[in-house]
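Peer 1: Please model the entire structure based on the sequences and the hints provided.
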Amino acid sequence: MSTVASSLPAAAVAVPGLAVPAIYALRHRPTAREGVTLAASVGLVGVVTAATGPVLGGDRLVASTAPYLLDVSLVLAADPFGTLFALLAAVLWVVTSVYSTGYVRALGEDGQTRYFAAFAASIAATMGVAFAANLLTLFVCYELLTVATYPLVVHAGTDEARAAGRTYLGYTLAGGVLVLGGVVLVYWSTGTTTFAAGGVEGLATADPVLARGAFGLLAGGFAVKTAVIPLHGWLPRAMVAPAPVSGLLHAVAVVKSGAFGLGRTTMYVFGPETVADLGVGTALAVAAAVTAVLAAVIALRQAKIKRALAYSTVSQLSYIALGFAIDARVAVFGALLHVVAHAFMKITLFLAAGTVYVETGVEYLDDLGGIAARLPGTMTAFAVTAAGLAGMPLVAGFVSKWHLVLGAFEAGVVPLGAVYLVAGTLKLLLFWPVLSTAFVDAGPPLPGHGSLAGSHDAEHDRTATADGGRPATDSEDHATGTDFERRSPLAEARPTLLWPVVFTATVAVALGVVPDLLPFWELAELTVVEVFGP
Amino acid sequence: MTLLTAMPPWLPVFAAAAVVALVGRHTGRGGGRRAGHVFAAVTAAGVAGWLYVVPAGAHLGTRLFGFEVVLFAVDPFSRVVGLVLAVAAVANVAYAHGTGASTRATATALCYVGASLGAVFAGDWLTLVVWWELMAVTATALVWQSPEAVRAGYRYAVYHQLGGATLVAGVLLHYARVGTFLFGDGLATGLPGAGLAAGLPTTLALLGVGMNVGFLGLHVWVVDAYPRPHVATTVFLSGFTTKVGVYTLVRVDPDGRLVATMGAAMVLVGVTMAVLQTDVRRLLSYHIVSQVGYMVVGIGLATAGGRAAGIAHLVNNVLYKTFLFMVAGVVILATGRESLKKVGGLGRELPVTAVAFVVAALSITGIPGFAGFVSKGFVTSATDAAGGDALYWALQVGAVGTVVSFVKFGYYAFLRDAPDGQSVADGTVGPAVAVAFAVLAVPCVVFGLAPGVFAAILPPGVSTAGVFSVSKLTDAVVITAVGTVAFAAIRRPLARVTAVPDLEALYHPAGRRLLDATNRTSARVGETLDRTGHRLLVAAYATAVDPDAFDDLALTRPTIGSAVLLLVVVAALGLVVVLTG
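Chains as they are written, first to last, in my numbering: chain A, 346 to 879; chain B, 73 to 653.
Think of the hints as simulated: they come from the structure by calculation, not from any bench. Any given hint might turn out to be false.
Sample of chain B residues lacking proximity to chain A, with all beta carbon distances greater than 12 Å (derived) [claimed, not checked]:
#: 1; residue: 77
#: 2; residue: 106
#: 3; residue: 120
#: 4; residue: 351
#: 5; residue: 375
#: 6; residue: 573
Simulated coverage check for chain B against chain A, where a stretch passes if three residues somewhere in it have a Cβ under 8 Å from a Cβ of chain A [said to hold, decoys possible]:
#: 7; segment: 222-236
#: 8; segment: 245-251
#: 9; segment: 585-591
All C-beta atoms in this analysis are idealised placements derived from N, C-alpha and C, irrespective of residue type, glycine included.
Peer 2: Written out as C-alpha cells, the structure reads:
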C-alpha cells in the first residue's frame, strides 16, 4: 500500500462544510437553498467516489495540516475503512436531501434554513470522522458531529424536543469526554495517536493496566453513540427530530460514527492481537450481546413507530459492535457489511415512517391498520426492509448477518453467534404484526399494545385487554379497512417522498442478491485484509 | 452446460408467478385469470418434464455472498422429489382455478413452489438455507391472502423463524468446522452427501429441519395452520413444506438412526389424534404427521433401501395427500361446513368428488393396486430387513389407524344420510377441479398397478420383487378388515369425543406469557438502567457544576452551557495530566 498526498479527503469535509454558509446566504430563496444542498451532496458523492478508486487500488490518500496539539496534527486520510463509511454517508445524504425537501415543505416546517445548514454541517463532521487518520482528529470531528446535530434534534422547538436535546448533549458530550481521556492515555503510552491497521505498535508492550484503561475509555465513549445499553438513553428520545434526521443521523451518520469509532479502536488502535491479549473484547462483546437482545425486546412494547425503530436501531448497532468486539476476520467483515446493510434498511424504514406521518398523520403502530392501501409503494418498501432486518434472504441484512454469525462461530464464541439468531427472531415478532396490520388489517396484537405497552408511552392512552389483544370495538373499527382510501403507487405521496424510499429499498434488495454490486464489499474486504493480513 | 442445465428449475416458476400476477390484474376478469392459470400449469408441467430428463450432476456452480455454491444439483433424490412437486404444482394450479382462488394468491403460491424447488435442487447448505427461509416467507404471504387465517399465519411465521434460525446455526457451525457449504461427493455417487458435521451441527440442523418435518412436539404448526386458510392455499401448503423437510433430512443426516424412533412415534401419535378429529382438514393434517412418520422411519433406518423407501413414500404422499385435501376442500366449499359431524350423503350430491375420494383413500390406506400400498410395502420391507421389530409393528398399527380414520371420513361425508339443514350449493367448484383430480389419480393408480414404473424414478435401493407377495397382500387384507371393524365398533363412543387438546393448548398461552413476562422484565431492567444512567449523569453535573441538580433527577436543569463546561474542565484536566506526565 502506498501513501499518496491528496486533497480529496479534505475536499470531502470542505464540500458539505462550504455548503453551510451558502445555505445561509440563500435563506430567502428556498429553491436555490435546496439546490445548494442537493449540489453539495451530489458533489460529495463525486469527491468520495474519486477517492474510492485509488483506495481500491491500494493507495492511501493523505491530507495533512500543521501540528495542532503537541506534535499531533489534524490529519485526514482515506483508507478502506474510512472510505466505506464516507461513501455510505455521502450516498445517503443525496437520498435524504431529496426527501428532506419534500418533508419540510409538506409539513411547512419552521427554521428550514437552519435545518439544511445543520444537516450539511453534520455531514461535514461525519466526513471528518470517516477520514480521520488519528485519534485526535477523530475526537474533534466526533464532538463537532454532536454539536452540529443538536439543532436538528431540537428542531421542533417543543419542550419535549428541548428536553431530548439536553439529554442528547448530556450523553454524547459525556461520551466525548471518555473518548478524550482514552486518546490521552493512548498518547501517553505510545507517543502517537495515528491509526495503524492491526494496531498501534507501542500498545502491545505498554502497561496493561493503562492499556485496559485506554480501551475502556475509548470503547465506553464510542459506545455512547453506538447506543450500547445502558448508554442508549439519548437515542429513543432523539426521535422527536424530523424523520429525515432520524433516518440519516440516528440510523446512519451519528450512531455509526460511534460504531466506526469502536472499529477504529479494536482494529486500528489496539489491533486484534492486543485486544485478545488484554482480554478487553469480552466485556464489550457481552455488553453488545445483551444490548442486541434486550433492545429488541424493549422495541416490542413501543407504541410509536419511530420509537420502535429506534430500539431496533439500538439492537442492530450492537450487531456491529459485537462483530468488532469479537475482532476476528469474518466477524469484522460481517460487521462492515452490516454497517452498510443496516444503513440502507433502516433509512428506508425511517423515511417510510416519515411518509406515513406526512401523508396520513399516523405516528402510532396501532393506527396503521390497512395503510398499505393508501401507501402501497412506501409500505412495500417498508415490508421488504423490515424482513431484511429480521434476517430474511434476498435483502442485505441476510448477507451481513450470515457473516456475523459465521464469524462468531469461527472465533469459537458460539453463544455470541446465537445472540444474532435470537435477536433476529425478536425482530420478526416486532415487524410481523406491524406488516400484517398494515397489509391485512386483522393481525395479531401489535407490539406496544395493551398489556405489552410500557410506561414510556403512558401518554398514549389505549384500552388494554387481558390477553393483550384489541378491545372488541377497536377491532371492529379497524376490520373494515376503509380508514384509508386506496391509492396507486404513483399517486400515494409526492415524488420527493416516494422515490428516495423506493431507491434505498431497491439498493437494500440489490445488496442482498449481489452483495458486491457496490464498492462497499470490496472496501470491507480490503479493510479486513489490511487488519488481519491476506 | 447443455440447454437443460442453463438455468435452475425455479426460474420459469417465478416467471409464471409474474405472468399470473400481471395478466390477472390487467385483462378482463375471467379471461386473464384463466390464461394466467393455464400458463402456470403448462409451465409447471414443462418443468416436470425437464426435471425428468435433466442429466445428473452439479450444475450452475457459482459464488453467492462470497461462498462457493451450486444452484442446481441433480441426483436421484432431488430429481424425484422435484419431479413430484412439479406435478403437484400442476394439479394445485388447476385446483386453485376451479375453487376461485385469486390470481394474487396463485402467484404467491407459485413463488412458494419456486422456493421449494430451489431448496430441493440446492447443492450446498447456503443455497438450501436461503430457499428454506424464502419458503417460510412465501408460505406466510400465502396464508395472508386469507384474512381469517392471519393470526395462524403469525404463529406459522414464528415457528418457522425458530426452525430456520436453528438450521442456520447448525449449518454455520458445520462450515466453521469443515470450511465449505457444498454437499460434497454425494452428488457424484448418487447417494446423499456426507451430511453435516457430527455433534452439535447435526443436532441443531435436525431440530431446525424437524420443525418443518413436524417432529413430534414440533408438529403443532401443521395442525394449527393448515385447517384455516382458503382451501386452495391449504392444498399448496400441505404438499411442500413437510416434504422438502423430509428430503432435507436425508441431506442433513443420511446415517441418523435416532430419527427412526421419532418417525415411529409420529406415525402412532399422528394417527391416533387423526382418528379423534372431526374437522376435516385437521384430521388430514394429523395424517400428514403420521404419514411423514413413515418417511422418517425409512430414512432413519440408515440403509439405501430405507432412504429410497422413505422417498418413495414421500412421492406418493404428495400425490394422495394433496388429493385428499382437494376432496376436503370441495366438501367444505359445497356445504360451507368444516366438521364431519355436520355433513353427509355427499356420495350422491358430489359423485366425481366421491370417486376421487375413493381413489385417494384407497391409496393412503394401502389397498393393493394403489400407490400407497407399494410405498408402504417398501418401508415395511426395509424396516424388516434392517431388523427393527418395534418399528415394524408401529408401522402396522399406524396402518390400522389410517384405515379407521378414512373409513370414518368416507362414512360421514359420503355414505351416511345427509344431516338436517345441509344444503349443497351448485357450481361452487369449476371443471378445472376435475382436471386436478385426474392429474393426481393417474399416478396413484399407475404406481399401484405397475411398481416397476415407479421404482424406475426412485433412488436405488428398492426392490419391486416382493411388492405383491402373499404376506404383503394378507397384511393389507387383515389391516383393512381390522380397521373397518374397529371403526364400526368405536363409531358411537368416537362421536362423543369433542375437541382434543394438543400441545398448542400449552405452547400458545405459554408463548404469550413468556413474551409478556419478558417484556415486563425487560421494561423494568431497561428503565432502571435508563434511570441509573440519568442519575449518574446528574451526579456528575452536581459534583462538577451545579449542586442543585440533585434536586431534579428528571434532568431538566443542566444546560448546554454546563455540559460544555464540564467537557472543558475534564479536557483541561486531561491535558494537564499529559503535559506534566
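Peer 1: At 12 Å, judged by beta carbons, does residue 120 of chain B keep clear of chain A as stated?
Peer 2: holds, 26 Å
Peer 1: Residue count check for the segment 222-236 of chain B against chain A: does it reach three with CB-CB under 8 Å?
Peer 2: holds (count 8)
Peer 1: Since residue 573 of chain B was said not to touch the interface, does its Cβ keep a gap of more than 12 Å from each Cβ of chain A?
Peer 2: Residue 573 of chain B clear of chain A: closest Cβ-Cβ about 18 Å, beyond 12 Å.
Peer 1: For residue 351 of chain B, is the shortest beta carbon distance to chain A beyond 12 Å?
Peer 2: holds, 21 Å
Peer 1: Confirm or reject the coverage of the segment 245-251 of chain B by chain A under the rule of 3 or more residues with a beta carbon closer than 8 Å to the chain's beta carbons.
Peer 2: It holds: at least three residues are needed, and the segment 245-251 of chain B offers 3 whose Cβ sits within less than 8 Å of chain A.
Peer 1: For residue 77 of chain B, which was marked as not at the interface, is the minimum beta-carbon distance to chain A over 12 Å?
Peer 2: holds, 21 Å
Peer 1: Checking the smallest CB distance to chain A, is residue 375 of chain B really beyond 12 Å?
Peer 2: Correct as stated: the minimum Cβ-Cβ distance to chain A is 33 Å, above 12 Å.
Peer 1: Between the segment 585-591 of chain B and chain A, see if three or more residues pass the 8 Å beta-carbon test, and mark the coverage as holds or violated.
Peer 2: holds (count 4)
Peer 1: Using Cβ atoms and 12 Å as the threshold, tell me whether residue 106 of chain B really stays out of contact range of chain A.
Peer 2: holds, 26 Å
No hint from the list above goes unmet by this structure.
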